[in-house]
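Asks: Line order of the protein sequences matches chains A and B. With the first letter of the first sequence counted as 1, position 15 gets the number 15 in my numbering; the numbers rise by one all the way through. In my numbering, each residue's number is its place in the second sequence (first place is 1) plus 1000.
If you're looking for bench data, these hints aren't it; they were derived computationally from the structure. Keep in mind that a hint or two might mislead.
What the simulated footprint calls covered on chain A by chain B, stretch by stretch (three residues with Cβ under 8 Å from a Cβ of chain B suffice, anywhere in the stretch; the number is not a length) [said to hold, decoys possible]:
hint: 1; segment: 16-30
hint: 2; segment: 36-45
hint: 3; segment: 53-65
Derived pair list, reagent style BS3-like, types lysine-lysine, alpha-carbon separation capped at 25 Å [said to hold, decoys possible]:
hint: 4; chain 1: B; residue 1: Lys1392; chain 2: B; residue 2: Lys1473
hint: 5; chain 1: A; residue 1: Lys76; chain 2: A; residue 2: Lys7
hint: 6; chain 1: B; residue 1: Lys1226; chain 2: A; residue 2: Lys46
hint: 7; chain 1: B; residue 1: Lys1100; chain 2: B; residue 2: Lys1054
hint: 8; chain 1: A; residue 1: Lys76; chain 2: B; residue 2: Lys1226
hint: 9; chain 1: B; residue 1: Lys1397; chain 2: B; residue 2: Lys1314
hint: 10; chain 1: B; residue 1: Lys1411; chain 2: B; residue 2: Lys1473
hint: 11; chain 1: B; residue 1: Lys1392; chain 2: A; residue 2: Lys46
hint: 12; chain 1: A; residue 1: Lys7; chain 2: A; residue 2: Lys46
Don't be surprised by glycine CBs; every beta carbon is placed ideally from N, CA and C.
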Amino acid sequence: MENVLVKVQEVFHEAFGTDAQLISLETTPSDVPAWDSVGHLDLASKLEQVFGISFDVDDLMEMENVREIVRIINSKL
Amino acid sequence: MGATPGNNFSGRLINRLGEHSYLIDAATGETILPSDLHRLICSFGASLLSTGLKPGDRILMGCILSPASSIAYLGAMYAGLVPVPVEEAVLVASSADLLKGTGARAVWTERSFRFDGIPETGVLALHGHPAERRADPLPPAPCEENDLAVLVATSGSTGNPRFVMVSHGNLTANTEAIIRSQDLSSDERAMLILPLSYCFGASVLHTHLYQGGGVVFDRRFMFPDKVLHAINKYECTTFAGVPTVYNILLRRSNICSIAMPSLRRFLQAGGPLAPQRVVEMRAAVPQPRFYVMYGQTEATARISCLDPEHLDEKLGSAGRPLDNLTVRIVDEDGKDLPAGQVGEIMVKGPSITLGYLNEPEESLRVFDQGWLRTGDLAHLDADGYIWIDGRKGTFLKMRGVRVSFAEVEAKVAAVPGVYECAAAAVPHPEVGEALALYIVPDQGAGDVIDRVRHSLPVYWTCESIQIVTEIPKTARGKVSRASLPAKVIGTYE
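Chain B on its own, in the form it takes in the complex (with noise of 0.2 Å):
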């Protein structure tokens, strides 16, 4: 099949966006109308072309959930461009990095920055509401269903930003499937409060506006209640949270008293939540299915879904694959293994992604000819469920967002006084996973602890420093964190 413009994930999108896709941000009240929604992502897509960018570029994204970059994000890649969305806070950090591993061509932010050294590299640098950048529409760029479509920034082993390469097939394949996994109707309307930097936030944006419904935008959920609030004032049928945001719901909001009677179902995703906060949302909002899913970015989004059907049955359960995924759980040599032994969860299908930017070698392992190794590992039962048992050790969930070991260890080794170090991972009731830090310090050297702590990014919750005599390792000469606090001699916090 040549490259038509049928293929071009955006341009199907909007092709179905109905009249019920709005998109609304609800701190500030501003509504995109069903009517101007098509117009806006093909015109901003077209004023990307007209500053001489070609289909193919890539463009750095510094997204914030909105309705103008949402449309933004859709726009470039209705355009045939390769967005790179990222947190606008990231981009504005870290934009020499992310430039430099993305070949990005130009950089958009909603709102205006002054990027240092962008100038000189001839990247251009775009800001602005899609509806101030107006252009004649165009029709979508057409792709193949191969053609890369976004990059997903995720953490990588070495702890440098990666790039997972989704194409504008993965991106059909995965929205398709998750539609119908959680029977989406065509008037639905998503409260978002997860960014769409992150795949499990665009899933969301992706399969709402997909299916004809529309999305609330909302970025302050630090004020649960507002957003509890905003989903009753504004009728939405979907809300999608990482563990992190239901234990937050549980513990700190008015969950119980804030009617909500518009919901029709809650996503959680993002790692394990306890199955004792899936009983306790149940028991504090009743009337929503609760859908309990399993994905990774390398599988463009989701991966298996707990039908809420059988929550009560199989509470803990990541649920079945998608209906277009096959599942296998193998052991170390790649033999499959029958129901109820653990092993490595692998996965085949249209929404396996094309592998890393950049990273070749590292794409052949992890996406053998077609098979995605997950890194997790899981058994299935007698009726082909996914029990997800823990994971092969090289990162850890905090917030939802994968933080590799290799990336902690690399920034604390860094700090004067620190020999050694080894990072493991700890349940924490509102992050998920916190960092345990093991070290062992040069001699003679002081304030090692307080160094440490104080370099650490202040998204990272770390939970304890420990000073050991020495770090255990595998014959391999790896960190063994199974064996990390049999070591520990000293406890200073």
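One chain only, chain A, in its complex shape (with noise of 0.2 Å):
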């Protein structure tokens, strides 16, 4: 877990600029301005990249923080 937290760190870094340290698993939407709609599709794309899986439409509906996100990327790999 702690290792896909680092890289899912990683990533909110480069799709939001966001200081990879200030991202913990309680982190939702509101804590990170540009973690909109349309920031959460490019996590999202960047996430499947970096781990080489895909998400379906329920999953992004269900990221809603954090934790879910390693959570559903755990459920994956």
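Each chain sits in its own coordinate frame; assemble them with the hints.
Replies: Here it is, written out as structure tokens:
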């Protein structure tokens, strides 16, 4: 889980310019100004590339915080 | 005609509220009842005046998509103040610039924030839900039709925020014309996901309340299925979106399988949506009527509307002018062009706004003796339908929001290692248009592409950054965007 989180933090930095250290499992879209509807899709496609997985629409709807993102990624690895 | 309470747009609006005028926050379920809405708007306006603010004073309002922000905005206007609605995050990030640009005497946010530097300036910092700011109600502030009602921020050609001056008469005229064009009844309920600070978002709020209907606010469009379920749960009749919204719904939501039997209409504006996407939306959700519209902040909100009856026949058109507007297509000398020929769209009518705040020269150029120069290129067909062919090339539209090339170029040129740069727009499936940047680096500058990429605001989508040997120019020394790609010598992404 830790390794996945570190990679997710890096993707957040790449997608939104957010300092990786500020991204925790509890981070939600309201904590990251650019994490909006378009940002969400950008984030998802970057995560798909980094982890070599693909998300379906229902996955996207469930990615409401970083904990959920990590959980969904782990379920696909 | 003198100043009368009857000219106050917010006053007119609250007199027309009806039994369906609920304001609902979809995320929290907070509901403002029709019986309370009138009083909350009046008493918030009164509470602002009780702080010493006077009619005509400007107030920056950090709005979120919520009942409270809408009430505060309408309350300020009702009291004769001039609200300047901006998104809360934008206000928090740039309060000093916004105060300077608008001369606002007060700042209001729904939630509490610390604004550095504000206490020293004498600007009032107010916050809190309108329901917490009780005061005895008052009648709407008397005003003349041409009195300033609201300042709406938009992108300027220099990159600085620019404020369009919208009068009470503009709002009334455009709201009533939109209601007629969309056939709104008194029992409508809109699902609003667009910001109140954006003229399209505000127009949905205005039209639905003015007609005695209500509005559901939903800030969760990043999870589109939640919004679609909320449309069903709250029995919304109208949904409004920019092209980005419809592209996301079609590609990244379960729109085909979520029932929305109450929905009567989709509204689309904020830039062209590919005709194929309109066809796909119609196939995905056949029963609501699909309205394609065209507009500008400088024209209050909406300019034209494609009647759904003619959607198939005129697919790709922006429809016909609203019934109180006149449209001309002119050449560069201002001469009228016949049907079929492409020129600039000029618009005249009661919803053409008063001009730009503190920009008399630019206002005279754009608002030419009552005619708004839209900067959009179009032609009319034999039936009088508008077909948009492009823009005169001063800005692009990302996520439905105008961003001027000048602003982009100024920001990129300030990055160390950039000698010169030019920006162009390329089609993008989610954001509508994205940036393509062309850069002439300083001699020996390394990593310039990375530095430029990281210097861009995260809200801008940059499709490519290319290194070129020179920026093509017109005879007048301006960037020749049409000639840009031919000069590319190396592509880095």
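Asks: Determine for every hint whether it applies to the structure shown.
Replies: Hint check:
1. Counting residues of the segment 16-30 of chain A whose beta carbon lies closer than 8 Å to any beta carbon of chain B gives 3, which reaches the threshold of three, so the coverage claim holds.
2. Using a Cβ-Cβ cut-off of 8 Å, 7 residues of the segment 36-45 of chain A lie near chain B, which meets the minimum of three, so the contact claim holds.
3. Counting residues of the segment 53-65 of chain A whose beta-carbon sits less than 8 Å from any beta-carbon of chain B gives 5, enough to reach three: the coverage restraint holds.
4. Of the pairs offered as hints, the one joining B:Lys1392 and B:Lys1473 holds, with about 15 Å between alpha carbons and a cut-off of 25 Å not exceeded.
5. Among the hinted pairs, A:Lys76 with A:Lys7 is consistent with the structure: their alpha-carbon atoms are about 15 Å apart, no more than 25 Å.
6. The hinted pair formed by B:Lys1226 and A:Lys46 meets the criterion: a straight-line CA distance of about 23 Å does not exceed 25 Å.
7. Between B:Lys1100 and B:Lys1054 the CA atoms are separated by roughly 19 Å; this keeps the pair inside 25 Å, and the hint holds.
8. Restraint check: the Cα-Cα separation between A:Lys76 and B:Lys1226 comes to about 24 Å, which is no more than 25 Å; the hinted pair holds.
9. The hinted pair formed by B:Lys1397 and B:Lys1314 meets the criterion: a straight-line CA distance of about 23 Å does not exceed 25 Å.
10. At roughly 19 Å between alpha-carbon atoms, B:Lys1411 and B:Lys1473 fall within 25 Å of each other, so this suggested pair holds.
11. A hinted pair counts as satisfied when its Cα atoms are at most 25 Å apart, and B:Lys1392 with A:Lys46 does not qualify at roughly 34 Å.
12. At most 25 Å may separate the alpha-carbon atoms for a hinted pair to count; A:Lys7 and A:Lys46 meet this at roughly 11 Å.
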